[in-house]
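Student: Using the hints, position chain B against chain A.
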Amino acid sequence: MFDAEALIIALTVFVLAIFIGYEVITKVPPTLHTPLMSGSNAISGIVIVGALLVAGQADGLTGQILGAVAVGLAMINVIGGFMVTDRMLKMFRRSDQKQ
Amino acid sequence: MSTDALVHMNITNVAYIFAAILFIVGLKQLGSPATARNGNRMSSLAMLIAVMATVVGKDIASWEFILCGIIVGSTIGAFSARKVAMTDMPQLVAIFNGFGGAASAVIAAGELIRLIDDGDAIAEDVSITIMASVIVGGVTLTGSFIAYGKLQGVVPTRPLLLPIRNVINVALLIGMVASTVWLVVDPSITAFLIAGGIALALGILVVIPIGGADMPVVIALLNSYSGIAGAATGFVLGNNMLIIAGSLVGASGLILTRIMTKAMNRSLANVMLGGFGVEDGAAAGGEEETRPVTSIQADDAATMLAYAQSVIFVPGYGLAVAQAQHQVRELADLLKEKGISVRYAIHPVAGRMPGHMNVLLAEANVPYDELKDLDEINGEFQRTDVAVVIGANDVTNPSARTDTSSPIYGMPILNVDQAQSVIMMKRSMSSGFAGVQNELFFLDKTQMLFGDAKDSVEKITTEVKDL
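Sequence order for the protein chains is A and B. Each residue of the first sequence is one higher than the last, beginning at 1 in our numbering. Each residue of the second sequence is one higher than the last, beginning at 1 in our numbering.
Okay, chain B solo, but in the shape it has when bound:
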């Protein structure tokens, strides 16, 4: 190697270290909403540095194809980033995960073709990592697309259970190991394609039995896979930059997966085995509910709120479905003008992906310091006059704390029942996703306000204004 090439290589590697540091500091800045935007800029600067270093430092022979890829990719990326509605964020993240996995798989294919064309023997570690890259990438690709389909409602959200799926899965795993061994012993495109095909099929089969309500866990897990696929590509190419950035994403996805499963009171294995929620929220058992509940109208609710000193809103996904975020914020503003303290209690599974509800409320101009997570707010309910539950159910059920026989026993819940009084906005008396009756409904302090959330909140706002 000439001195010139060596200097170039060192500059590239120094730039990679610099980029890696920027990625880490950028993620660290995501630790607070005040610095997060800056952190995101640092990460994008890191990406720019990594790309420039690669372009300058490594000898890139041809440009035409690369430019095509950059232009098409940037256009699609920028367009979808601008157009996507905040409610559809889970779908966007799912599909981006898929593209990330696909990129890793395609890179592995390209590298294998180059190595075979070169004609030299391929080292075992390279062929194994090529297979790892295509397998993780392939599973991520189709798994993400099925997750997207389920979130979008294109693929049935109920769990689809194939009768002999375990047999199929085992057969696919055996095929995967066999084709990997084949590729290591005798590098051929055929072995690679078989493994790729199996990975694609496996991605579909793994996600399709999982119910729509479990998609937050699946997206977080696929997020992690897309990072691991990137790290695997780093092993293929012997590139530390890829390994570092890929591992960061892999760790992030795993942490979020764990947070979500914990918040849902499930194990990851239990989610992945699928089949949960086959009844689709229909009341479990034939027991007819006969206990009385107190039901009120919007004007009563308005009086309760207007004469309170502190109010906590508890939004659930029903709020986002009704698109009532803006109405809730208007009501909150009105209450704040009256000197009432207003906060929002956000359960980790309130939206359709980790942190989703916070983004939806931020979009409706709710200040982030009013958004409180489970640990911050749970001690506050007992000092709160009115808790208003909008479109949330299971996450407020006190039986999770007390009733050892309940399927949701042990699930972390919001202690809504400790507030002085509770307004529960709901369409009907139906039970939540877990199919369990919510004991909160039957407490003396709980008032049910039936109807569409958006409608009810609007009515309350008008009534409060008139008071």
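Same shape as in the complex, but just chain A:
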């Protein structure tokens, strides 16, 4: 049933994480804002954890299929996001480190 304590804990985590995010991300320089966006795309792929739970614990076929679709969608973000971010960051060089 309605679990007020768990909800409050979840809200606490949520609020604190927003503050940490704000503090950390305001320090990212404008040069890196595009990799920041693609990198955070990848991080939002964390819903893969939820997708795995739904797919793995589903009783019926519908649930399993929905879970698999969610796993696939999240996986696009995870793999695609981290790879494309790395591809971009690889290109950033200082003037004294010519390839």
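Think of the hints as simulated: they come from the structure by calculation, not from any bench. Worth double-checking, as some hints may not be accurate.
Unchecked claim - The calculated lysine-lysine pairs, modelled on DSS-like cross-linking and capped at a C-alpha distance of 30 Å, are:
#: 1; chain 1: B; residue 1: Lys372; chain 2: B; residue 2: Lys445
#: 2; chain 1: B; residue 1: Lys338; chain 2: A; residue 2: Lys90
#: 3; chain 1: A; residue 1: Lys90; chain 2: B; residue 2: Lys28
#: 4; chain 1: B; residue 1: Lys262; chain 2: A; residue 2: Lys27
#: 5; chain 1: B; residue 1: Lys262; chain 2: B; residue 2: Lys338
#: 6; chain 1: A; residue 1: Lys90; chain 2: B; residue 2: Lys372
#: 7; chain 1: B; residue 1: Lys465; chain 2: B; residue 2: Lys83
#: 8; chain 1: B; residue 1: Lys28; chain 2: A; residue 2: Lys27
#: 9; chain 1: B; residue 1: Lys262; chain 2: B; residue 2: Lys28
#: 10; chain 1: A; residue 1: Lys27; chain 2: B; residue 2: Lys459
#: 11; chain 1: B; residue 1: Lys465; chain 2: B; residue 2: Lys445
#: 12; chain 1: A; residue 1: Lys90; chain 2: B; residue 2: Lys336
#: 13; chain 1: A; residue 1: Lys90; chain 2: A; residue 2: Lys27
#: 14; chain 1: A; residue 1: Lys90; chain 2: B; residue 2: Lys83
#: 15; chain 1: A; residue 1: Lys90; chain 2: B; residue 2: Lys454
To be verified - Looking from chain A toward chain B, a few residues come up when the C-beta cut is under 7 Å (computed):
#: 16; residue: Ile8
#: 17; residue: Thr12
#: 18; residue: Gly39
#: 19; residue: Val49
#: 20; residue: Gly63
#: 21; residue: Val84
#: 22; residue: Leu89
#: 23; residue: Met91
Each residue gets a CB set at the ideal place from its N, CA and C atoms; glycine is no exception.
Tutor: Using the frame of chain A, we list chain B on its own:
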């Protein structure tokens, strides 16, 4: 619960804490280009840990479907990450945002079906968060696809304003609240599907009235939504890992949204209401411009540059359209060989998404320490001999500082007019997106070099070589 299961659960939760720390440290390392690549690796390690902990710690009953999802998703992700051109990065990020939102919505559906099948009463907080997850996820999905379409040119980039859109939007919002109440009172798939459908429609209606030039703001905002959708999923499943990672992304998107609106001199509300730029950059008002400008040829420009001591390039999106990044870098290399100091001044809205121009120049092998943002470079113009503006317009207009009646008044601009002399590369005398005439053109120190940017830069390079 058996001791064994408890141990597993604790291991999983400890691993989640570890992953959360890695995500935060990874983002912190994005604070400098020198450590950023390592930071990205840390984030991906965090993801791997979170996934492994889930697989090991929670009882996953069936594997076949999951493996299918992993294989298909990884293949699509890896393929698009490898193939995408750097100029198309905004489209890729837009579509990935959409997939993230879709995943959250689908997870909410799966969880609701499981809860209904279990037959127990569903707690109010769970049903509300399920609705939050599907609504934010659905809006993110279709909103991102429309944004993608506008960036790609598949959907008309001009703002599409439906005549009774406000009535429709209000009706949809009422429907959304009603279906949420329905689901809380009487959990049913129908209520869920209605809310999902409304969210999908709303995503389209919210983005379609927004003009193509405002897409950077929209992508940043949808980026934030995809994170918030993930955090909402965390509430549904009672999973702190999801809440933390989702909030980080949500915060990141919001910060970038604010930076972009500030750089465009607009409020978020003003962007979201849409309709901006209906004239599509056509000169505002019927006033014919009669003031004279000085126009020069490539050889004059080459002489100016070759005898300068310091040069600042000011690239705008026109540079990326002309694909002239490599030519500019070649010219810059040549000037540097002559002992001339070369830097690039990058306005936050120079590209089609935050930081886009920096990536395009990095791709052309421009070292990142030569890329300067607004605050770093603005004090330097007055000590600079030549500022070369390539495909940028509104962001160099000095009226933004002085003319209170100008629509761009107050917009942060690059102080190009303070340089000793200015070379302005442009196709024609047309005004920029804001539809305002650029006062910079008419200064005595400004020389106009008309023509295609790539062409002009190439010609200048040849001339400089011959000097």
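Student: Each hint should be assessed against the structure and marked as holding or not.
Tutor: Okay, the hints, checked on the actual structure:
The straight-line distance between the Cα atoms of B:Lys372 and B:Lys445 is roughly 23 Å, inside the 30 Å bound, and the hint therefore holds. Distance restraint check for B:Lys338 and A:Lys90: the Cα-Cα separation of roughly 28 Å lies within the 30 Å cut-off, and the hinted pair is therefore satisfied. A C-alpha spacing of about 18 Å is found between A:Lys90 and B:Lys28, which places the hinted pair at or below 30 Å, so the restraint holds. Straight-line distance between C-alpha atoms of B:Lys262 and A:Lys27 comes to about 17 Å, which keeps the hinted pair within the 30 Å bound.
At most 30 Å may separate the alpha-carbon atoms for a hinted pair to count; B:Lys262 and B:Lys338 exceed this at roughly 38 Å. For the suggested pair A:Lys90 and B:Lys372, the alpha carbons sit about 19 Å apart, so the restraint of at most 30 Å is met. At roughly 35 Å between alpha-carbon atoms, B:Lys465 and B:Lys83 are farther apart than 30 Å, so this suggested pair is violated. With a CA separation close to 8 Å, the supplied pair B:Lys28 and A:Lys27 stays within the 30 Å bound.
Proposed proximity of B:Lys262 and B:Lys28 is supported: the alpha carbons are some 24 Å apart, at most 30 Å. Restraint check: the Cα-Cα separation between A:Lys27 and B:Lys459 comes to about 40 Å, which exceeds 30 Å; the hinted pair is violated. Pair hint B:Lys465 plus B:Lys445 holds up; C-alpha atoms about 25 Å apart against a cutoff of 30 Å. Between the alpha carbons of A:Lys90 and B:Lys336 the distance comes to roughly 24 Å, so the proposed pair stays at or under 30 Å and holds.
Between A:Lys90 and A:Lys27, the direct Cα distance comes to roughly 20 Å. Compliance with the 30 Å bound is thereby established for this hinted pair. A C-alpha spacing of about 15 Å is found between A:Lys90 and B:Lys83, which places the hinted pair at or below 30 Å, so the restraint holds. Annotation: proposed proximity of A:Lys90 to B:Lys454 holds, straight-line Cα distance about 26 Å (limit 30 Å). Checking A:Ile8 against chain B by beta carbon gives a least distance of about 10 Å; that is not within 7 Å, so the hint is violated.
Against a cut-off of 7 Å between C-beta atoms, the interface hint on A:Thr12 is violated, since the closest Cβ of chain B lies about 10 Å away. Residue-level restraint check for A:Gly39 holds (minimum Cβ-Cβ distance to chain B is 6 Å; threshold 7 Å). With 7 Å as the threshold, the beta carbon of A:Val49 comes within range of chain B, its nearest partner Cβ sitting at about 5 Å, so the hint holds. Look at A:Gly63: its Cβ gets to within about 5 Å of chain B, closer than 7 Å, so that hint holds up.
Interface hint status for A:Val84: upheld, as the beta-carbon distance to the closest one in chain B is roughly 4 Å, under 7 Å. A cut of 7 Å between beta carbons decides the hint on A:Leu89: the least distance to chain B is about 4 Å, and the hint holds. Hint status for A:Met91: holds, given a least beta-carbon distance of 4 Å to chain B, under 7 Å.
Figure legend: structure checked against the earlier numbered hints; hints not met, in rising order: 5, 7, 10, 16 and 17.
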